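**Q** Below are the chains, spelled out letter by letter.
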Amino acid sequence: METTVDTSRIVQFAKLDELLALSRANSLWPLTFGLACCAIEMMAAGGPRFDISRFGAEVFRPSPRQADLMIVAGTVNRKMAPAVKTLYDQMLEPKWVIAMGNCAISGGPFVFPGQYAVVEGVDKLFPVDVFIPGCPPRPEALLEGIMALEEKLTGKRRWPVVTPPK
Amino acid sequence: MNPTLDQLCDQFGRLVATGPSGSRPPSNPPAPDAPPAPIQRTEHAAKGYDLEVTVAPTAVVMAAEIMDRAGFALDAITGVDWIAQEQMEVVYDYFHPTAPGRVAVRTRVPRARPEVPTIAAVYPGANWHERETHDFFGLVFAGHPDLSPFLLPEDATFHPLRKDYQP
Amino acid sequence: MNAVDPTVRPGVNETFVLNLGPQHPAAHGVLRVKMTMDGEYVMRAEPVIGYIHRMHEKMGENRTWAQFLPNTGRIDYLSALHYNHAYVAAVERALKIEVPRRAEFLRVITSEMNRISSHLVWWSAYLIDLGGLTPLLYAFDDREKLLDLLEAVTGSRLTYTYFRFGGVYNDVDEAFVRGTRQFVREFRPRLKMYRDLVTTNIILRKRLEAIGPISAELCRKYGATGPVLRGAGVAYDVRRAEPYSVYPELEFEIPTRREGDSMARYLVHMAELEQSLRIIEQGLDKLPEGPVMGKVPRVLRPPAGDYCFAVEAARGRFMVRLVSDGKDVPYRVKLRTPSFSNLSLFEEASRGMILPDALALMGSLDLVIPDIDR
Amino acid sequence: MNETFSGDLIYIAAFCLGGLAFALGPFIVVHLLMSRRTRQTENKTGQYIECGMEPIGDAWIRYSAIYYLYALVFVAFAVDVLYLVPVALVYNRQFVYRDFVELVLFVGILSLVIVYAWKKGVFEWKRR
Numbered sequence: 001m002e003t004t005v006d007t008s009r010i011v012q013f014a015k016l017d018e019l020l021a022l023s024r025a026n027s028l029w030p031l032t033f034g035l036a037c038c039a040i041e042m043m044a045a046g047g048p049r050f051d052i053s054r055f056g057a058e059v060f061r062p063s064p065r066q067a068d069l070m071i072v073a074g075t076v077n078r079k080m081a082p083a084v085k086t087l088y089d090q091m092l093e094p095k096w097v098i099a100m101g102n103c104a105i106s107g108g109p110f111v112f113p114g115q116y117a118v119v120e121g122v123d124k125l126f127p128v129d130v131f132i133p134g135c136p137p138r139p140e141a142l143l144e145g146i147m148a149l150e151e152k153l154t155g156k157r158r159w160p161v162v163t164p165p166k
Numbered sequence: 001m002n003p004t005l006d007q008l009c010d011q012f013g014r015l016v017a018t019g020p021s022g023s024r025p026p027s028n029p030p031a032p033d034a035p036p037a038p039i040q041r042t043e044h045a046a047k048g049y050d051l052e053v054t055v056a057p058t059a060v061v062m063a064a065e066i067m068d069r070a071g072f073a074l075d076a077i078t079g080v081d082w083i084a085q086e087q088m089e090v091v092y093d094y095f096h097p098t099a100p101g102r103v104a105v106r107t108r109v110p111r112a113r114p115e116v117p118t119i120a121a122v123y124p125g126a127n128w129h130e131r132e133t134h135d136f137f138g139l140v141f142a143g144h145p146d147l148s149p150f151l152l153p154e155d156a157t158f159h160p161l162r163k164d165y166q167p
Numbered sequence: 001m002n003a004v005d006p007t008v009r010p011g012v013n014e015t016f017v018l019n020l021g022p023q024h025p026a027a028h029g030v031l032r033v034k035m036t037m038d039g040e041y042v043m044r045a046e047p048v049i050g051y052i053h054r055m056h057e058k059m060g061e062n063r064t065w066a067q068f069l070p071n072t073g074r075i076d077y078l079s080a081l082h083y084n085h086a087y088v089a090a091v092e093r094a095l096k097i098e099v100p101r102r103a104e105f106l107r108v109i110t111s112e113m114n115r116i117s118s119h120l121v122w123w124s125a126y127l128i129d130l131g132g133l134t135p136l137l138y139a140f141d142d143r144e145k146l147l148d149l150l151e152a153v154t155g156s157r158l159t160y161t162y163f164r165f166g167g168v169y170n171d172v173d174e175a176f177v178r179g180t181r182q183f184v185r186e187f188r189p190r191l192k193m194y195r196d197l198v199t200t201n202i203i204l205r206k207r208l209e210a211i212g213p214i215s216a217e218l219c220r221k222y223g224a225t226g227p228v229l230r231g232a233g234v235a236y237d238v239r240r241a242e243p244y245s246v247y248p249e250l251e252f253e254i255p256t257r258r259e260g261d262s263m264a265r266y267l268v269h270m271a272e273l274e275q276s277l278r279i280i281e282q283g284l285d286k287l288p289e290g291p292v293m294g295k296v297p298r299v300l301r302p303p304a305g306d307y308c309f310a311v312e313a314a315r316g317r318f319m320v321r322l323v324s325d326g327k328d329v330p331y332r333v334k335l336r337t338p339s340f341s342n343l344s345l346f347e348e349a350s351r352g353m354i355l356p357d358a359l360a361l362m363g364s365l366d367l368v369i370p371d372i373d374r
Numbered sequence: 001m002n003e004t005f006s007g008d009l010i011y012i013a014a015f016c017l018g019g020l021a022f023a024l025g026p027f028i029v030v031h032l033l034m035s036r037r038t039r040q041t042e043n044k045t046g047q048y049i050e051c052g053m054e055p056i057g058d059a060w061i062r063y064s065a066i067y068y069l070y071a072l073v074f075v076a077f078a079v080d081v082l083y084l085v086p087v088a089l090v091y092n093r094q095f096v097y098r099d100f101v102e103l104v105l106f107v108g109i110l111s112l113v114i115v116y117a118w119k120k121g122v123f124e125w126k127r128r
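Protein chains in written order, with the numbering used here: chain A, 1 to 166; chain B, 1 to 167; chain C, 1 to 374; chain D, 1 to 128.
If we strip away everything but chain A, and leave its shape as in the complex, we get:
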């Protein structure tokens, strides 16, 4: 599953692509796809204190047609996997996926010998662009994930990476 978006379009512009990438990076419309505990932290990220709208991502679209970023926030289990894949198909290109929380990354706390229900990692279903570890990850981690996705899109990072004091 290669994860780079192969935008082999008929008409390509060098300068326009950079402008397109910048505008896409700053207006990622996430799909309201809260499955479990991470969904509450995603709502908290949308709340007043962490304020995801500083990154242009506060417009949570319920319909996959209007969303271009799928934040898989929670556990995907085997009964839900076909539905998740259908929603991924129905999103329009270019689209990106953030796997939020350990459950979406690797099945998280629900992986044990003899487990019968959890898909161990969303990247088994479709390509994932950014992984945010944590159970649940703090809203700041989700914002860092969105900034990492912006860096992936535009190639440069808008906000400096804060390094903890020595």
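None of these hints come from the bench; they were simulated from the model. Fair warning: this is a prediction, and the values are worked out from it, not measured in the lab. We treat Cβ as the ideally placed atom computed from N, Cα and C, and that holds for glycine. Be careful, since some hints might not be right.
Stated by the list, open to error - Distance condition first, Cα-Cα at most 25 Å in a straight line; then the derived DSS-like pairs of lysine-lysine: (1) A:156 x A:15; (2) C:206 x D:119; (3) C:34 x D:120; (4) C:206 x D:120; (5) B:163 x C:327; (6) B:47 x C:295; (7) C:192 x C:145; (8) C:34 x D:44; (9) C:327 x B:47; (10) C:34 x A:85; (11) A:15 x A:152; (12) A:15 x A:85; (13) C:295 x C:34; (14) A:85 x D:44; (15) C:286 x C:145; (16) C:206 x B:47; (17) C:206 x D:44.
Unchecked claim - Label pairs and their in silico Cβ distance ranges: (18) C:286 x A:111: 40 to 46 Å; (19) C:178 x A:155: 44 to 50 Å; (20) C:178 x B:5: 32 to 38 Å; (21) C:151 x B:65: 47 to 53 Å.
Following the hints, complete the assembly by docking chains B, C and D onto the known chain A.
**A** Same frame as chain A, now just chains B, C and D:
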């Protein structure tokens, strides 16, 4: 009307003594550690329920009717797979919305043919509890309107909580 | 071929099946409701669950008694501390472990703070279902203050694992007590503002009054508890019915309403916020000094038998039934969750309603879907 | 005379061309700019239901008449607005009270639609 536990005791007493159509206790000898008296008053602080009744599998619906008449509500249906004794136990928990008193009705069925009559007619809420217990243990609730997989995928045929379940 | 539902009288307009599927803004997670519709009217709404089944009960059977603790915070992550309390107290009941009074008070105070944060999330999600988008910003503003306090003590914001067998994880300091008192002082005027802005709003009253009536008998038949049962006029609260911890020493009322419609359930939730504030204040006043951890045997092997413990979670009665066969791994862990029973009456309660009203009813049931699927 | 005539003809042609370009333009631009390779896992892109589940049964059924009446109320007011647009253009040239009275009369007569729909119980949305 809020019955005291004693009234329940003697209603259950008549039920356990005669049993529906005078059926004997389950065919194979009751498990060694089964409580001697089928009706036992337990200490709430120690066990979490006040009255514990062991009935034959066929008497489960009558027990549910007694509880329904007494105004109790169904709390949960728990399946336990005693693989060592080749038995499956079904525990019906009841609580009362306005009066104190927690009752647990137990029954044991042979593991080879785990079948218990459904109480969905008396308590519609039991419909979901029984479907879930069937999902996890393969316990067949005779007369249940729709025993299709509930928490498991639609085409699931395995029963994960049985002790001999291999993934 | 059209899916004409056999239960519909012939001659009525044909019906179609609407999938209020796992992906739906009003589904509060991944609940799917298969609705047979006649135009706008719901003929039969059959909830299909299992899309977030995470095998908590299966994990209970291959984890030791202490390893199952993180699971309890992830069943109903909005009122995680209540679920901690039920599991921890069930094992303490089995092992007859003494919990010091200070730990009991800390458990009650943090549980009630968790109930407030859970009701705030329910309130904002429910108003989004009904179309009001801004209350979320007010409610989450208050909730963040609450989460800061709880995070300082428990270490996490949502899926707490703060209670241990025999007490709590760590003690609270003066800053927590002062911060909580300040939160209670500031939150009361906020509650009054919520009442003026939202509860007395004519649109909300028109959307909720006389919508989705649920009678006490229907609750009893399906085992529904919590605000659903108290909205139907029955003052059932596990903190009073089966008293546990130090709740008997605290005075608080059990708010109930008689109408049993969505507005009644809404008002019961809002009244419970005030009662929780009262409990927190009394808890802080009576907080005794002393250790926060009792004596606990090194290896936990509860004597064989089964033990139950029920608590009043934010959504209703949560009961843990532990079956132990004397080993250091539970033989069976049964989790009786409130949302499971509360949702089971939705099929009967929503028959013949208009779709928007059915969604208003479903929102008033305060569902957390992993709590249903476990 | 024919210069002004052909001038007007050009205006109309330009107007129609603009309308056509406005309608078909997006299809062409999208075809040029869309990425031709899309990622599929269950190739369900075409499925019109967006809840993740297979649609059950069919939606081409006999609906109750209420929807039709509701649509009629909308059409009535759409026509109402259609006639108000030219009036709005010339309304403030040399204002005479007669214009205002005519306008009120026009809107008044058309709002009788609401009264009719109200009496017929369209807004109670009863099941027929």
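**Q** Hint by hint, note whether the structure agrees.
**A** To see whether the hints hold, each was checked on the structure:
no. : hint                      : verdict
1   : A:156 x A:15              : holds (15 Å)
2   : C:206 x D:119             : holds (21 Å)
3   : C:34 x D:120              : violated (32 Å)
4   : C:206 x D:120             : holds (22 Å)
5   : B:163 x C:327             : holds (15 Å)
6   : B:47 x C:295              : holds (21 Å)
7   : C:192 x C:145             : holds (18 Å)
8   : C:34 x D:44               : holds (20 Å)
9   : C:327 x B:47              : holds (18 Å)
10  : C:34 x A:85               : holds (20 Å)
11  : A:15 x A:152              : holds (17 Å)
12  : A:15 x A:85               : violated (34 Å)
13  : C:295 x C:34              : violated (52 Å)
14  : A:85 x D:44               : holds (9 Å)
15  : C:286 x C:145             : holds (23 Å)
16  : C:206 x B:47              : violated (47 Å)
17  : C:206 x D:44              : violated (40 Å)
18  : C:286 x A:111: 40 to 46 Å : holds (44 Å)
19  : C:178 x A:155: 44 to 50 Å : holds (48 Å)
20  : C:178 x B:5: 32 to 38 Å   : violated (47 Å)
21  : C:151 x B:65: 47 to 53 Å  : holds (50 Å)
Hints 3, 12, 13, 16, 17, 20 from the list above are not met by this structure, while the remaining hints are.
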